[in-house]
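J.: Sequence:
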Amino acid sequence: MAEKAQKGVKIAPGAVVCVESEIRGDVTIGPRTVIHPKARIIAEAGPIVIGEGNLIEEQALIINGSVSGKYYPRNGRGGAQTNDSQAMKVGDNNVIESKAFVGRNVILTSGCIIGACCNVNTYEVIPENTVIYGADCLRRVQTERPQPQTLQLDFLMKILPNYHHLKKTTKATSTPVKS
Numbered sequence: 001m002a003e004k005a006q007k008g009v010k011i012a013p014g015a016v017v018c019v020e021s022e023i024r025g026d027v028t029i030g031p032r033t034v035i036h037p038k039a040r041i042i043a044e045a046g047p048i049v050i051g052e053g054n055l056i057e058e059q060a061l062i063i064n065g066s067v068s069g070k071y072y073p074r075n076g077r078g079g080a081q082t083n084d085s086q087a088m089k090v091g092d093n094n095v096i097e098s099k100a101f102v103g104r105n106v107i108l109t110s111g112c113i114i115g116a117c118c119n120v121n122t123y124e125v126i127p128e129n130t131v132i133y134g135a136d137c138l139r140r141v142q143t144e145r146p147q148p149q150t151l152q153l154d155f156l157m158k159i160l161p162n163y164h165h166l167k168k169t170t171k172a173t174s175t176p177v178k179s
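In my numbering, the protein residues as written are 1 to 179.
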């Protein structure tokens, strides 16, 4: 059954995706992206494309939900009702912290941070270098491009395989060239 749920998932080489994460539907995960255990990425109503160098932490939820208006409970914190269908994109070098929620109508550009327990489910393109934080999901745009999470990503890429099983990357389907 796990293989059936993973049919549309494409994981680029260099990405680290823990088996304990839930990934369903047409999801593309870029290189150097780390997805922690218990993170959920659900593409029911359209594809989700996640760029390069992203960090998606425990219990984060990224959803492109169903057109049926299905309700997704969030650990007693309410939920998200979805009605439209569209592709969802997460750019490069973003951090989605623990228990954060990114809904289907959001396009996350690059260098953004969605803080712990923040709920972003508006019709918008989040500008580059935006930080969403706090109980009220306050926002600010950093004046300078944030440093990429290179050290943290490298550390997690080294440590996570020691303690968790990883999902296999998708091999490119190209035919060898004969000389």
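Errors might be hidden in some of the hints.
DSBU-like, lysine-lysine: derived pairs with alpha carbons at most 35 Å apart [claimed, not checked]:
| no. | residue 1 | residue 2 |
| --- | --- | --- |
| 1 | Lys38 | Lys168 |
| 2 | Lys168 | Lys158 |
| 3 | Lys38 | Lys99 |
| 4 | Lys38 | Lys167 |
| 5 | Lys89 | Lys167 |
| 6 | Lys7 | Lys158 |
What follows is a set of in silico ranges between Cβ atoms, one per label pair, in the way DEER data are often shown [what the hints assert, rightly or not]:
| no. | residue 1 | residue 2 | range |
| --- | --- | --- | --- |
| 7 | Gly8 | Arg140 | 16 to 26 Å |
| 8 | Tyr163 | Ile107 | 16 to 26 Å |
| 9 | Tyr163 | Gly14 | 14 to 24 Å |
| 10 | Lys158 | Glu22 | 16 to 26 Å |
By construction, these hints were calculated from the structure, which means they are not laboratory data. All figures in this text were calculated on a predicted structure; none of them were measured in a lab. Even for Gly, the Cβ is constructed at its ideal location relative to N, Cα and C.
J.: Look at each hint and say if it fits the structure.
T.: Now for the hints, and whether the structure bears them out:
| no. | hint | result |
| --- | --- | --- |
| 1 | Lys38 with Lys168 | holds (17 Å) |
| 2 | Lys168 with Lys158 | holds (16 Å) |
| 3 | Lys38 with Lys99 | holds (10 Å) |
| 4 | Lys38 with Lys167 | holds (13 Å) |
| 5 | Lys89 with Lys167 | holds (21 Å) |
| 6 | Lys7 with Lys158 | holds (27 Å) |
| 7 | Gly8 with Arg140: 16 to 26 Å | violated (36 Å) |
| 8 | Tyr163 with Ile107: 16 to 26 Å | violated (33 Å) |
| 9 | Tyr163 with Gly14: 14 to 24 Å | holds (19 Å) |
| 10 | Lys158 with Glu22: 16 to 26 Å | holds (24 Å) |
Violated hints for the displayed structure, listed by number in ascending order: 7 and 8.
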